[in-house]
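Below, each chain spelled out in residue letters.
Number of protein chains: 2
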Amino acid sequence: MVQTSKNIAIIGSGLVGSLLAIYLKRKGHDITVFDRRPDIRTIEFSGRSINLAMSNRGWRSLRKVGLEESIKEIAIPLDKRAMHVNDKPVYFQKYGKEGEAIWSISRGVLNRKMIDLAEEAGAIFRFNEKVWDIDLPNAKIFTGESEKSEWKEYQYDLIFGCDGAFSRVRHKMQRRSRFDYSQSFIDVGYKELTISPNEDGTHKLDKNSFHIWPRGKFMLIAMPNIDGSFTCTLFLPFEGDVSFENITTKEEAKTFFEDYFPNVRKEIENLTEDFFKNPTSAMVTMKCYPWAYWNKVALVGDSAHAIVPFYGQGMNAGFEDIYELDELMDMYKDDWEVIFDKYQKERKPNADAIAELSYRNFVEMSSKTADPKFLLQKKIEKRFAKKYPDKWIPVYSRVTFSERPYAEALAIGDMQEKIMQEVMSMPEIEANWDSQTVENKILTLLEGH
Amino acid sequence: MVQTSKNIAIIGSGLVGSLLAIYLKRKGHDITVFDRRPDIRTIEFSGRSINLAMSNRGWRSLRKVGLEESIKEIAIPLDKRAMHVNDKPVYFQKYGKEGEAIWSISRGVLNRKMIDLAEEAGAIFRFNEKVWDIDLPNAKIFTGESEKSEWKEYQYDLIFGCDGAFSRVRHKMQRRSRFDYSQSFIDVGYKELTISPNEDGTHKLDKNSFHIWPRGKFMLIAMPNIDGSFTCTLFLPFEGDVSFENITTKEEAKTFFEDYFPNVRKEIENLTEDFFKNPTSAMVTMKCYPWAYWNKVALVGDSAHAIVPFYGQGMNAGFEDIYELDELMDMYKDDWEVIFDKYQKERKPNADAIAELSYRNFVEMSSKTADPKFLLQKKIEKRFAKKYPDKWIPVYSRVTFSERPYAEALAIGDMQEKIMQEVMSMPEIEANWDSQTVENKILTLLEGH
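Residue numbers (this note's numbering), protein chains in the order written: chain X, 1 to 449; chain V, 1 to 449.
For the record, the hints were derived by calculation from the structure and aren't laboratory data. These numbers come from a predicted model, not from an experiment. It is possible that some hints are incorrect.
Note: identical chains are not told apart, hence a pair may lie in one copy or across any two.
Unchecked claim - Once the Cα atoms are required to be at most 27 Å apart in a straight line, the calculated DSSO-like pairs of lysine-lysine come out as:
no.	residue 1	residue 2
1	Lys287	Lys348
2	Lys441	Lys97
3	Lys207	Lys152
4	Lys348	Lys217
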């Protein structure tokens, strides 16, 4: 090992913080992880998490440090969507080709396991210790009981901010001049709900499916846990006709579930109880730049790029940050200024791309799924992709089942969309959608690109 | 007066804070203005300000409280641009029609005068008192020596945040969920420079002109002061070939001015000295929403919408906020919740529009002014506007010499741009730009809109 061992602080003991701790321990550094919250292994989960969908990028990052197999033990592969449309039997949509799947993992279960693994690797965790201030040029951190109490000072060689969308580390960087920053909330909130296991511990719904109850402006999803339960997420506008604002009593909640989700009727008591027990959370897209301060401080994961959850890529993108950082550490050894600079320049366009794709998925789900023209377009694309799998890889597959850059997936997706706009403007496309003419048109347009 | 007198705190004693104090005193409220800085009347100016260009919106806001005439005494009307292009004599471009002008005012001179006027009106100013925290729902503010010192607590009925682009009040609002926020810096910085008066106190350049030395990626501007001097602003990229980063010695600064601004040769000694005395400042576009917290706290001016200075509308937009607030106070009396809500809903699209227009002006100045196609387009527009002044009011006039909403100016400007795109794609437009065909084309396209 050519690198000099460094004394490194990681702020945040979430998924990204604990995986980064494991990576950096493997490189021989001394690691201390700070978290303002108590040890997640000692407390109940928060009741505000959405189950994770680990896909190829996440697995690759775990594989590099030999963790893929042990994490797969707490994950369940989902190879298809199960669509629950009212008055129709459930129907299934395969995600990709044979063997392609996303993996459902409980955030709490995974985080506990990752902290165990990081501790085994030798990282030191300091829970219940809140970082109030960071001296960026000197890589010092200050912790304490409260903003106005006596603070404790720590000196490090490097600091990583893995403290999520509302990062304190970033907050400090943000006060500098020429720091670009944006946070943008969507008008839909979410709430965690649970479907409990059958009495014999089995799952009440197909366990290898991502369950979706699409209802236009709102939807319910469910992802399986290894204990037989499902973690459900209700996405619902904050305000408006059918909204969180308008469901304030148990009776209203019950009516809501009965009206819109009759096929989960047996669960309604639980769902209604959860509805008032669990908080309603907001969703934000957060972008910023730069991600690093000299050779001292860098942001990784949500602290650098928080996205809405509609592509299931938040954790995967954070894990990919770490994978790329590791490649750069191998290449540039002790030159942290170069490592951090290449890291931010390489990752930023990809973070922006997955932010954009995730936001578009939200728009698509909330406003386009009822549009017959849009559905026809998807049908034509699907037909063509099936016939020419090498010529038309859907964006979803490029994001989920590939390790190519997100920015590339976005660019190719835009190109495909342009082609489809031309196809959709062909005369009588509704009647001829599955004709040879349409197929030839796509082939010709693809040649032009 | 139907309104109940309120005890109101204004944070920030800048132009917007002091004008708002005058407006609110007229309505019978008790006003205390807090500023973390010392009284600007007792100190030298900062050496980092760009002269103000008061235009119609600003004057209207002053007129409403009877201040137009007294402020005009410290302002100089500019009815044209004076373009200083190398190897060409200076040439002039009229801003508008006969009698239309923007007015040059020194920020420091104006601010001192406004604070005098606000004090005369009965507002109390507390300088050197920094607000560290705000209890938003209870309209309390906390001031003190430092973040960790003992704080003093004040209770108000209402709080206005007029504390500029890096507002502490907004900072507090920003921590709430569902608060949208963005700050985006441009890669060009600016520096204040001065051209001193002649020995007899007269101006060295035409005093009724806005002087511009356009140089592609950078430019110098000069605006007159009533003492015979000019406040100049050098806009220059932070990094790159010709940039702040690359001018680090007196010799380099001198060479820079000699090479690029030979017609200010006699001023070079002063300019060079200023160059190292004055700081280099960054420019930011800041957007946020909401602007108000219940019926307790509202942001006004730069704290709600900071823009780059290339349209000369920053202060005008802030003053217009106050004008509109006043209209709403007349209409809704004591219902501050409604006043604040209507205020933010009405002003937000206009603030976004002037932000966009200002940013576009920056892009235009830095990248398009050397593009022959762009210059031809401007020539065609100018010719048409002169012939049909009622059919084609340029966006600049709509922004500067009108009181119609900024959002309308932007929308009409976009429509005009669309028309011009079609015109510019006409065959052999370079040869036929002043033909009847082109004129008829524009007339036809205008009818379609």
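Any hints this thing doesn't respect? Which numbers, in order? Checked against the structure, the only hint that fails is number 3, while the rest are satisfied.
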